[in-house]
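Line order of the protein sequences matches chains G and L. Taken in order, the first sequence gives residues 812 to 1136; the numbers are from the numbering used here. Taken in order, the second sequence gives residues 812 to 1136; the numbers are from the numbering used here.
Keep in mind the hints are simulated off the structure, nothing from the lab. Be a bit skeptical, because a hint or two may be false.
Given that identical chains are not distinguished, each listed pair holds provided it fits within a single copy or across any two copies.
[Unchecked claim] Only pairs whose alpha carbons sit at most 25 Å apart, straight line, appear in this in silico SDA-like list of lysine to any residue:
| hint | residue 1 | residue 2 |
| --- | --- | --- |
| 1 | Lys841 | Ser905 |
| 2 | Lys841 | Arg1128 |
| 3 | Lys841 | Arg1127 |
| 4 | Lys975 | Arg1127 |
| 5 | Lys841 | Thr883 |
| 6 | Lys841 | Glu1078 |
| 7 | Lys980 | Pro930 |
| 8 | Lys975 | Leu855 |
| 9 | Lys841 | Arg1055 |
| 10 | Lys841 | Pro860 |
2 protein chains.
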Amino acid sequence: MVDVLCSGNALVDVLATVTEEQLAALGIVKNSYELVDADVADRLYAAMPPAVEISGGAAANTAVGVVSLGGTAGYIGKVRDDQLGAVFRHDLRSAGVGFDTAAASSGPATGRALTLITPDAHRTFRTYLGAANELTPDEVDEATVADAEVTYLEGYLWDPPSAKDAFRKAMKAAHDASRRVSLTLSDPFCVHNWGHEFRELLTNGDIDILFANEDELLTLFPGTEFAAAVEQVRGLCPIAAVTRSEHGSIVVAGDETHEVAAARVDEVVDTTGAGDLYAAGFLFGLTHGEPLARCGELGSLCAAEVISHVGARPQRRLAELVASS
Amino acid sequence: MVDVLCSGNALVDVLATVTEEQLAALGIVKNSYELVDADVADRLYAAMPPAVEISGGAAANTAVGVVSLGGTAGYIGKVRDDQLGAVFRHDLRSAGVGFDTAAASSGPATGRALTLITPDAHRTFRTYLGAANELTPDEVDEATVADAEVTYLEGYLWDPPSAKDAFRKAMKAAHDASRRVSLTLSDPFCVHNWGHEFRELLTNGDIDILFANEDELLTLFPGTEFAAAVEQVRGLCPIAAVTRSEHGSIVVAGDETHEVAAARVDEVVDTTGAGDLYAAGFLFGLTHGEPLARCGELGSLCAAEVISHVGARPQRRLAELVASS
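From just these sequences and the hints, can you work out the full model?
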């Protein structure tokens, strides 16, 4: 029994700080997100400044956040039996997250997110999915899903057919056990590619709790103003939390609407993981009986911690941060 | 032609922050340094908190520091053709350090330094040398050594016979070309094991520039007071720089004696790399015609930068730091 079972792309972040000029010289548009193959990843890596390796993966970051808040979390995702796969597994398990998905013994290497951080704390991703992309329904154990209060799925992984099947299996297992399913739209890029399927999932009642940022929401409902998009999602999903960077978030659920302020941050260093940790705070609150406005506040607090340093996983124990806030 | 050619254990640092209680629970004495085999390293890693991977290796850190100051540097060291080996190579090359030693295609994995950082910024090491330990004289190209103004050797690697042979070959090639050889004693543990051979190297005139901290120097001359140990090393080596943490350093060379203050640090976060970056500053100064007192000051400045953050490589461009100091 865990509070939140998370599933997504198992990635090690390769983080480098670059100037705007270096980014331009690499021929990369700031704030963009792109999937790349192994060759492109190797070429870009060779041209990148010295980097730091920190386990990442959006849903994995969320799982770590839930545990850091004092909750319980599990993770389903695919690495290879290589050094970076061992690093990813170590960092999740040692953070207290259950992670038993077997590593692939052949095929592509453990996935990497090449992350370029500009001085304004924005990040630009080039992601080599590698083994992460090979998740299949076999890796989804229905009893484990049935045991989780919320199953949280990462839109980033809604791409290869086998991973979609894995997610569909998880959604069904959760609902068969009267549990809730949460989806994050992850990135406008994902919504651009798969918005029609995300809308279909919402229409079918497959999603109980939706996370999106403003850009993702507007990509999901093209040609809509923000307020109208919020009303659309209100009609399609029992709970939706829409994050708006420094403007906080808006949480809608049936007749309820909560505007939540962003938590104060002394210096924004690296926004990687902001959405992941917002989801961690929100879902921790939700699985601990907090009212929705408080869930949003917990999300804001956790997001503020993670953007105050390099890396997408908390460096302070979030339970203490919440207690002292 | 480079200013400084560095050689030592090619390691990726695996850095985790631990409390004093966690360190005690791991059964590890604070501030200790130990070599461990692959099994012990794996067991310790499994018990360690989440970590961050950052390329390290003492002499490699020094090479990066020299380049960051605006100098030129090369590196000789052994990794395997695995993921961490690729990380190590990338981080050195992208920092501008020449590194062409071929990766081993069989044998042990790339070395790792499991580094436990306590809240007082002290660090405790358990190092799995792996491939780093396999350096042989074949990896030392005499023409490359002859082309370097200073060849800087790391005492940590003075252990396996083949690596000692590699270092002896480098010393000879340097002196045959009328270049200078520098040695760092690296750690009291190394001096405890090999002090008699280090003294022999000094007596034979194999070392022109010696780096040591206070503990290492006192281990090199057992039963001696600090002042007397400084006089001993003055008689054995043309230039010796002895670092004393917050008390700065003392540089002796023939009749010259320079007491150098430590540079101011707002908050000491992680002392890993302090000695490596002191050597970088010192050797950059020396190869750019600075007087010895200024070499020591440059060492202090560089050490202060690296202890103000986690990780043993500079995060600021040291040339700018020096210009603004």
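Taking 25 Å as the upper bound on the Cα-Cα distance, should Lys841 and Arg1128 be classified as within, between, both, or neither? between (31 Å within a copy, 23 Å between copies)
Is it within a copy, between copies, both, or neither that the alpha carbon of Lys980 lies no farther than 25 Å from that of Pro930? neither (42 Å within a copy, 45 Å between copies)
Could you place Lys841 and Pro860 in one of the four classes (within, between, both, neither) given a Cα distance threshold of 25 Å? within (16 Å within a copy, 33 Å between copies)
25 Å Cα cut-off: does Lys975 pair with Leu855 within a copy, between copies, both or neither? Neither: 29 Å inside a chain and 37 Å across chains, both beyond 25 Å.
25 Å Cα threshold - placement of Ser905 relative to Lys841: This pair counts as between: shortest inter-copy Cα distance 21 Å, intra-copy 33 Å.
Are the CA atoms of Lys841 and Arg1127 at most 25 Å apart within a copy, between copies, both, or neither? This pair counts as between: shortest inter-copy Cα distance 22 Å, intra-copy 29 Å.
Evaluate Lys975 and Arg1127 at a C-alpha cut-off of 25 Å and name the case that applies: within, between, both or neither. neither (34 Å within a copy, 44 Å between copies)
As a check of your reading, is Lys841 near Thr883 (CA-CA no more than 25 Å) within one copy, between copies, both or neither? Neither, since 36 Å and 31 Å both go past 25 Å.
Pop the pair Lys841 and Arg1055 into one bin, within, between, both or neither, using alpha-carbon distances up to 25 Å. Only inside one copy: Lys841 and Arg1055 sit 19 Å apart there, 45 Å across copies, limit 25 Å.
Reference check for the pair Lys841 and Glu1078, CA-CA at most 25 Å: within, between, both, or neither? within (20 Å within a copy, 33 Å between copies)
When held up to the earlier numbered hints, the structure conflicts with 4, 5, 7 and 8 and fits the remainder.
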